[in-house]
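*Asks:* Listed below, chain by chain, are the residues.
Number of protein chains: 6
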Amino acid sequence: MIELAADTLDTLRQVSTATITAQLIKIAGMRSRSPRGIAPLDRKRARFVGPAVTLRYAPMREDLDGRASTVHPDNPTRQAIETAPPGSVLVIDMGGSIGGGAIGDILAARLIFRGIAGIVADGAMRDVGPLAEMTMPIHCRGSAPPPSSGALLAVGTGEAIGCGGALVEPGDIVCADEDGAVIIPRHLADKVAIDGLEQELIEVFIKARVLAGEPIDGFYPATARTKAEYQAWITAGRPAIVRP
Amino acid sequence: MIELAADTLDTLRQVSTATITAQLIKIAGMRSRSPRGIAPLDRKRARFVGPAVTLRYAPMREDLDGRASTVHPDNPTRQAIETAPPGSVLVIDMGGSIGGGAIGDILAARLIFRGIAGIVADGAMRDVGPLAEMTMPIHCRGSAPPPSSGALLAVGTGEAIGCGGALVEPGDIVCADEDGAVIIPRHLADKVAIDGLEQELIEVFIKARVLAGEPIDGFYPATARTKAEYQAWITAGRPAIVRP
Amino acid sequence: MIELAADTLDTLRQVSTATITAQLIKIAGMRSRSPRGIAPLDRKRARFVGPAVTLRYAPMREDLDGRASTVHPDNPTRQAIETAPPGSVLVIDMGGSIGGGAIGDILAARLIFRGIAGIVADGAMRDVGPLAEMTMPIHCRGSAPPPSSGALLAVGTGEAIGCGGALVEPGDIVCADEDGAVIIPRHLADKVAIDGLEQELIEVFIKARVLAGEPIDGFYPATARTKAEYQAWITAGRPAIVRP
Amino acid sequence: MIELAADTLDTLRQVSTATITAQLIKIAGMRSRSPRGIAPLDRKRARFVGPAVTLRYAPMREDLDGRASTVHPDNPTRQAIETAPPGSVLVIDMGGSIGGGAIGDILAARLIFRGIAGIVADGAMRDVGPLAEMTMPIHCRGSAPPPSSGALLAVGTGEAIGCGGALVEPGDIVCADEDGAVIIPRHLADKVAIDGLEQELIEVFIKARVLAGEPIDGFYPATARTKAEYQAWITAGRPAIVRP
Amino acid sequence: MIELAADTLDTLRQVSTATITAQLIKIAGMRSRSPRGIAPLDRKRARFVGPAVTLRYAPMREDLDGRASTVHPDNPTRQAIETAPPGSVLVIDMGGSIGGGAIGDILAARLIFRGIAGIVADGAMRDVGPLAEMTMPIHCRGSAPPPSSGALLAVGTGEAIGCGGALVEPGDIVCADEDGAVIIPRHLADKVAIDGLEQELIEVFIKARVLAGEPIDGFYPATARTKAEYQAWITAGRPAIVRP
Amino acid sequence: MIELAADTLDTLRQVSTATITAQLIKIAGMRSRSPRGIAPLDRKRARFVGPAVTLRYAPMREDLDGRASTVHPDNPTRQAIETAPPGSVLVIDMGGSIGGGAIGDILAARLIFRGIAGIVADGAMRDVGPLAEMTMPIHCRGSAPPPSSGALLAVGTGEAIGCGGALVEPGDIVCADEDGAVIIPRHLADKVAIDGLEQELIEVFIKARVLAGEPIDGFYPATARTKAEYQAWITAGRPAIVRP
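Chains as they are written, first to last, in our numbering: chain A, -11 to 232; chain B, -11 to 232; chain C, -11 to 232; chain D, -11 to 232; chain E, -11 to 232; chain F, -11 to 232.
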């Protein structure tokens, strides 16, 4: 797996998903990297950055409740939960189904204990009442009472998967915030982090000026004048980005 | 209508919809009992338990505004509202349409006065600003300004209906919480209550332990060891379940 | 463009979208005037009234990132933002696409500076974290990180458009609240305002009585008795409508 | 049930569904009378006219295969099949579900024997291979192998139902052809037949002329000149409408 | 992989998918075994029976056209095509996407040469003009001009997959006809074949009688009388089932 | 408008939409150029090539039947029909609505008389019975009896529009065949024609060989060996492409 620069993940924590998706279009013409139809369960606890661990569900067959149980050591959900490195993000391909919730409060408790950064799933969660009291940010398609085995069967982990129309490969860098999530191909993460932070800074500068009445004409999107004024502003002391 | 055990409804109030849907799969192989695509209007006021009173809408015809009005004594919406027993739950088949809101704040005021426990509808509500100030929990597909007569005509009450892909018969027991709703066939309600409470208790125990670092391996889903330790914990004094 | 009565917009600010949609059915048989599938980003900041300025997007072509940029003076998004009169509402036809967010925090800052009352879009917004800290109410289909150019290209402003299944013409009066939005054809706005306020007042009266236990039988929908009692109540001192 | 004029059904057999839907807008402002998303299984065997007999399905519950069987005398599917008058049309509310086929070849054989004119269903059929060899026209949402009990349970007949977004009441007149189906409210059938045939005749005349090169300017939609020339053409001998 | 009885595949060729889905409900309570939303490209060339070879697509990433090419020996599409045993059925998980056609006429030519029995895909095909001239039956979601790489990337073969909401495991028996397809779990194939053929025979008998005017009352679904008369009919010489 | 090479349209008539979409990805990274969810009304009459004339519909408002009529000289449908050059293709943005058919048999008769090559619409047609007897190929989303004014209002012609998710600008080259349609940006048409024909020829050669048993290994997609053998085959006499 490609090695990332030491500060890439930390840098990405200062960059919004809005900026990252813009960079992926600019750098690589990639328009498909944000899972669609997925939102944070709680907009106030929406942010994380980390490498993807993938988990894939297929439709359930009615006689496989046994295989669906995480009691079996080779159950893919269990494998993903128990082997995902601390700081990683669990990305789940549920094929868009909302027929059952993939993760409930007990598995979430285990994920939190193991240091998982967050979850992105193109399906539902369950126990979202208790989950709202817990610390892990989750992006998904809402809630459903039934267990995942009501409609889905875990069939693989560590694979390339789809999630909300985006290809996700293990190790891709997943960033999430209030807007949703974005999957950065691992080989682009260093560049997206550097260019993204630069864009983020300049937009902080622009927004402050626009709020103060600066017209966007000749100023936003950034022109030569914008960049010059931005450089002066930076030189005067680069502000720390504290995402609100 | 089948008589329920005296404490079944009270017991079910201590059991989450997540647990109930799991019990319905385990006891009866039923995977279709939770209406899909429906969520509480307000996750902080999402819970109720009660027997279903059903109401069915069909698409509107443009010349039937008169028949759509609840002014007529035989209007099904009016009949359902005025005859539903205190403690019952109004379950509305809107065919998934979000073209109009079934219940606004005045009808909700009447339902509250009559002691209705809550609403489950596979369509929209209206006046959700005022409804947010009122006490009745509502699970539905969001809000829409138009009256139901903008798109729908009430055509029946007291019938078997569909709601979000689940069959609902009058008298079925409807449970709802933050995750959504579940429809327990009336003849299964006593057993689901008893087995569900048992599952709820053991999961409270398991979650506490997992949060404290207990690995799920050999512990969750519950093994013989889990059950033995749970029994010891229960013997040491059964905790009251106070759903947070 | 048809001149409105001087107090029409102010009157409409006292009328809910629920009431307005009911009036449009009653006055003109119009059932299609509320965009479907659109909700306020924040139910606590959902209300506005103003004339529509329209903006239309078509699907993006992969080589048109240049044309998509608001840097060009004839970019329709820029034109709409810079020429919309203070107090107007930006209504955006995104064809239902959630592949990119039409407006982010910098353009929102500019719209706020220019005095725009609000946005209605049948697509996504971006930067919704920062937008939540800003003052402009927005009704849309949720959030998406990518820029609109990820999936969409602005192609026109000042045109008749569709938005969530409703025809919107420049100058139509857009009203929005917690339930969603409604588009009043400009030539009906004066009448809808007057009749809508009357309906709003009578419903305030009815709701107060129903909450106090008045049965709806012979009282709601309003009968001759209701109207007589309402007149007495009004005569006793017309209450100011302060929408909660 | 309202009595129809003696020749209304025969007249309607000469009028296309396109013309009938146009008449329903013109006469009664009704835009919702054609079930959406429904097509003939075979465009070459698509036409029928007759009064509606309604049948309603709700979602299946997994323990009700017994009740789903047509072996029971009070099974609604069986009741509808055995009591529908010759010449009537079976209209089925399947809630849009394609999880199972409502009618297979044996029930179709019985319907044919009993003289049913056709079927309109907002769901799937099964045995469409054999059905293609049989004489009954069917409009539906395609085919699905499973029996209706795979996903649906018949719960009522003789009710007001929805079908593809159109209200259908028993006795409404159902017309179907290559374009799809339309449901004429029974009280409008006589007028729609008379006006529809007139429109059909004038459009036969117009189409012949347009094919021969007559510009539509001042001619179509019909102007005074068109009508005068049409009258002359009629006077010269009214053509029989033989729908191709 | 479980060994099948020698004549199971041949027996299944005499049984319709309608009958097989009914048997799967009866034998095993399985209601999820027929992919939804999939139809034969050509109803006149719709039938096949064979064991499943699975192929899985995920969403495309814009820089992976190279990996998408079947020129690479480890491309999953190429692997599936080149290693599928004669008589097997290619079942493709496209996640429901119609953004590109999985198989065009050249790959189809290769599949035909290699003796593949047919294709079931929950996505589109391309080159359907030429494909209509070729011999292989295909069940899918219609046609789309773009190559699969327009929207999809092959990521695996020989896995458990989903197809139209049905779990498909390699070796499952796939049956297809005019109605659509059904996936028989391999361990049930022998029993489904035997019971299915019995049901097929009795329904041939029933249908002949119903067409001749026999009422369904007490006759269909099969009663003791039906079975006795059927046995007499069989004894008089079992008819060959020649599916029309 | 950019001038095309003299033989570009004729060359494109020899190239399939499958090949054209592949060329657009290869030449320009364009994956969005084929309208989705659209199919020929009749696969046997599906082909045409020509420059786009655009027509745009918005949702209908219930009081605008007058404006919807093509009797008005400035009605956009009428304008498009009467001013489209012979050989052009009418591309209609209906926003995906199937609530009414855009073109019926009389307007089709006029379009045929005026020499229009075909229609592509992301909505429904009506009078498809008579249309099946006429000569114009139509790609759309099926049929619906109501007039377009049942759900839609023509609001513009000669604009950039969307159709099935593809941007269409007036003058873009529209190609259609059995698979569907593709919109070539006008400035790429000459190159797509030349490269597309080359690809078409080599694929004719490859397919003939694969049908004869040539393995795809090292042969397809085309390798150096393939190209050499192809050149020899061409040198031996280039075959005329007669698309079947």
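Fair warning: there could be bad hints in the mix.
One copy or two, it doesn't matter: identical chains are merged, so the pair holds either way.
Computed cross-link-like contacts, DMTMM-like style, restricted to lysine to aspartate or glutamate with a CA-CA straight-line distance of at most 20 angstroms [as the list claims (entries may be wrong)]: (1) Lys179 <-> Glu50; (2) Lys14 <-> Asp178; (3) Lys32 <-> Glu121; (4) Lys215 <-> Glu50; (5) Lys215 <-> Glu202; (6) Lys14 <-> Asp53; (7) Lys179 <-> Asp(-5); (8) Lys179 <-> Asp(-2); (9) Lys32 <-> Asp(-5); (10) Lys14 <-> Glu50; (11) Lys32 <-> Glu70; (12) Lys32 <-> Glu157; (13) Lys179 <-> Asp51; (14) Lys215 <-> Asp30; (15) Lys14 <-> Asp51; (16) Lys215 <-> Glu186; (17) Lys14 <-> Glu188; (18) Lys179 <-> Glu(-9).
The hints are simulated quantities; they were obtained by calculation from the structure and are not laboratory data.
*Asks:* With reference to the structure, classify each hint as holding or not holding.
*Replies:* Going through the hints against the structure:
Taking identical chains as interchangeable, the C-alpha atoms of lysine 179 and glutamate 50 lie at most 20 angstroms apart only when they sit on different chains, with a minimum of 17 angstroms there against 47 angstroms within one chain. Only within a single protomer do lysine 14 and aspartate 178 lie at most 20 angstroms apart by alpha-carbon distance; the minimum there is 15 angstroms, versus 28 angstroms between protomers. With identical chains, the CA atoms of lysine 32 and glutamate 121 are at most 20 angstroms apart both within one copy (12 angstroms) and between copies (12 angstroms). Proximity of lysine 215 to glutamate 50 under the C-alpha cut-off of 20 angstroms is found in neither arrangement, the shortest distances being 61 angstroms within a copy and 27 angstroms between copies.
Within a single copy, lysine 215 and glutamate 202 get their C-alpha atoms as close as 14 angstroms, which meets the 20 angstroms cut-off; across copies the closest is 54 angstroms, which misses it. For the homomeric pair lysine 14 and aspartate 53, the shortest alpha-carbon distance between copies (9 angstroms) is at most 20 angstroms, but the shortest distance inside one copy (46 angstroms) is not. Taking CA atoms no more than 20 angstroms apart as the test, lysine 179 paired with aspartate -5 passes inside one copy only; the shortest distance there is 12 angstroms, against 45 angstroms between copies. Proximity of lysine 179 to aspartate -2 under the C-alpha cut-off of 20 angstroms is restricted to the intra-copy arrangement: shortest distance 13 angstroms within a copy versus 46 angstroms between copies.
Taking the shortest alpha-carbon separations for lysine 32 and aspartate -5, neither the intra-copy value of 25 angstroms nor the inter-copy value of 39 angstroms comes in at or below 20 angstroms. Within a single copy, lysine 14 and glutamate 50 get their C-alpha atoms only as close as 47 angstroms, which misses the 20 angstroms cut-off; across copies the closest is 11 angstroms, which meets it. When the C-alpha separation of lysine 32 and glutamate 70 is checked against a cutoff of 20 angstroms, the pair qualifies neither within a copy, at 27 angstroms, nor between copies, at 32 angstroms. Proximity of lysine 32 to glutamate 157 under the C-alpha cut-off of 20 angstroms is found in neither arrangement, the shortest distances being 28 angstroms within a copy and 37 angstroms between copies.
For the homomeric pair lysine 179 and aspartate 51, the shortest alpha-carbon distance between copies (16 angstroms) is at most 20 angstroms, but the shortest distance inside one copy (48 angstroms) is not. Taking the shortest Cα distances, lysine 215 and aspartate 30 never come within 20 angstroms of each other, neither inside one copy (36 angstroms) nor across copies (34 angstroms). Proximity of lysine 14 to aspartate 51 under the C-alpha cut-off of 20 angstroms is restricted to the inter-copy arrangement: shortest distance 11 angstroms between copies versus 49 angstroms within a copy. For a Cα distance limit of 20 angstroms, the shortest separation of lysine 215 from glutamate 186 inside one copy, 11 angstroms, qualifies, whereas the shortest one across copies, 48 angstroms, does not.
With identical chains, the CA atoms of lysine 14 and glutamate 188 are at most 20 angstroms apart within one copy only, with a shortest distance of 14 angstroms there and 33 angstroms across copies. Proximity of lysine 179 and glutamate -9 under a CA criterion of 20 angstroms is satisfied intra-copy only: 13 angstroms inside one chain copy versus 41 angstroms between copies.
Hint compliance for this structure: hints 4, 9, 11, 12 and 14 are broken, all remaining hints hold.
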